[in-house]
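There are 2 protein chains.
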Amino acid sequence: MSAVSSFLDSPEDTREEIMRATYFALSEHGYADLTIQRIGAVFPKSKSLIYHHYDGKDELLLEFLAFVLDRFEENVPDGEVDDAEARLWALLDHLLATPLPDGRRAFTGAMVDLRAQATHDERYREQFTRHDRFFRERIAAVVAAGIDDGTFADVDVDAVATFLAAAVVGTMTQRVTSEVEIAPAVRDRLEEYVQTALLADQ
Amino acid sequence: MSAVSSFLDSPEDTREEIMRATYFALSEHGYADLTIQRIGAVFPKSKSLIYHHYDGKDELLLEFLAFVLDRFEENVPDGEVDDAEARLWALLDHLLATPLPDGRRAFTGAMVDLRAQATHDERYREQFTRHDRFFRERIAAVVAAGIDDGTFADVDVDAVATFLAAAVVGTMTQRVTSEVEIAPAVRDRLEEYVQTALLADQ
Numbered sequence: 000m001s002a003v004s005s006f007l008d009s010p011e012d013t014r015e016e017i018m019r020a021t022y023f024a025l026s027e028h029g030y031a032d033l034t035i036q037r038i039g040a041v042f043p044k045s046k047s048l049i050y051h052h053y054d055g056k057d058e059l060l061l062e063f064l065a066f067v068l069d070r071f072e073e074n075v076p077d078g079e080v081d082d083a084e085a086r087l088w089a090l091l092d093h094l095l096a097t098p099l100p101d102g103r104r105a106f107t108g109a110m111v112d113l114r115a116q117a118t119h120d121e122r123y124r125e126q127f128t129r130h131d132r133f134f135r136e137r138i139a140a141v142v143a144a145g146i147d148d149g150t151f152a153d154v155d156v157d158a159v160a161t162f163l164a165a166a167v168v169g170t171m172t173q174r175v176t177s178e179v180e181i182a183p184a185v186r187d188r189l190e191e192y193v194q195t196a197l198l199a200d201q
Numbered sequence: 000m001s002a003v004s005s006f007l008d009s010p011e012d013t014r015e016e017i018m019r020a021t022y023f024a025l026s027e028h029g030y031a032d033l034t035i036q037r038i039g040a041v042f043p044k045s046k047s048l049i050y051h052h053y054d055g056k057d058e059l060l061l062e063f064l065a066f067v068l069d070r071f072e073e074n075v076p077d078g079e080v081d082d083a084e085a086r087l088w089a090l091l092d093h094l095l096a097t098p099l100p101d102g103r104r105a106f107t108g109a110m111v112d113l114r115a116q117a118t119h120d121e122r123y124r125e126q127f128t129r130h131d132r133f134f135r136e137r138i139a140a141v142v143a144a145g146i147d148d149g150t151f152a153d154v155d156v157d158a159v160a161t162f163l164a165a166a167v168v169g170t171m172t173q174r175v176t177s178e179v180e181i182a183p184a185v186r187d188r189l190e191e192y193v194q195t196a197l198l199a200d201q
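Respectively, the protein sequence lines represent chains A and B.
Numbering (numbering that gives the first Met the number 0) for the first sequence: 0 to 201.
Numbering (numbering that gives the first Met the number 0) for the second sequence: 0 to 201.
Keep in mind that the hints were calculated from the coordinates and are not lab data.
Chain copies aren't distinguished; within one or between two, either way the pair holds.
With a straight-line Cα cutoff of 20 Å, these simulated SDA-like cross-link-like pairs (lysine to any residue) come out:
{"id": "1", "residue 1": "44", "residue 2": "8"}
{"id": "2", "residue 1": "56", "residue 2": "32"}
{"id": "3", "residue 1": "56", "residue 2": "31"}
{"id": "4", "residue 1": "56", "residue 2": "34"}
Remember, it's a predicted structure, so these values are computed and weren't measured experimentally.
Given the sequences, and given the hints that come with them, work out the whole structure.
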């Protein structure tokens, strides 16, 4: 999570400092109780700078959402290893890591909280449509590469990617909104799924 | 969704009328912009009645959450058919129905919106912990019955239920927060999963 730590530990400019303050204020108060005032309380410079850059909470949060989705996407392993099965697990294990490190938990919680706005606000829905598509396509690319090199059977790439992404999104959502840690059981069944439904030459 | 339609179409008492108004106001405005004022605007009786029953928005929404989770749970098919595979599909198809009927979409959106509060409010997290457990146990009961009657192989019941529940929660969450309808692809891969990983005598 280097790109995430980077803007949290050493923001590079005023915009990243505002993003950092937004992140901490959102994690503490949640979207509904978030105000520019509360973001200003964890912003090291003058609060007027925030108003200078953003017209209000919604404009700021939409930019924050684009910013964190970019960070999330940069951090999804993009397959620097050759082996397709290892690439798929690098991707899935990044998201299903147990225990979820505290920083990642807060980050995931912020994404779940902002995603909820997409139920009734099309600006948020547009961002999550793009993000969900990115995530499915990233998985699909790994599966397609595995079919090409003979690791995986000739499966329906898009359907498999959609299914795996749904299991991961459901796991991420539940693990930051309920007390039971379900990731190990999900990972266990995903491993069986990869073995029985994806691997060639069974 | 008879229990849902029932409180929406013909609320039985003042409490159900308040739940109905809360449902419509939440679907329209979202949790963050919801106020007792806005609930009062779609409540057919005097708004003072709402204040008489509830101290504020949070107390009302927590009761609303318990109320809708009860309705959701009552509506999950509980297996009136004998065949374990048919029971499992009745349950999964209820949740993955495509297209999602408008009323169910709004209902699912309200649940996703309230679930987001669980990222930073333990009162909501407590309710979703209970709800997620209920849902896993309902699936586990169907799978266990299928093992008992020889339909399903001797799988790890809890892990399978957790995996299926994660895929369903991920699908429900994405389908009300992004524009792409992923349910048919997920259902297709779930069907393959049931055939290859669950059914006995392959």
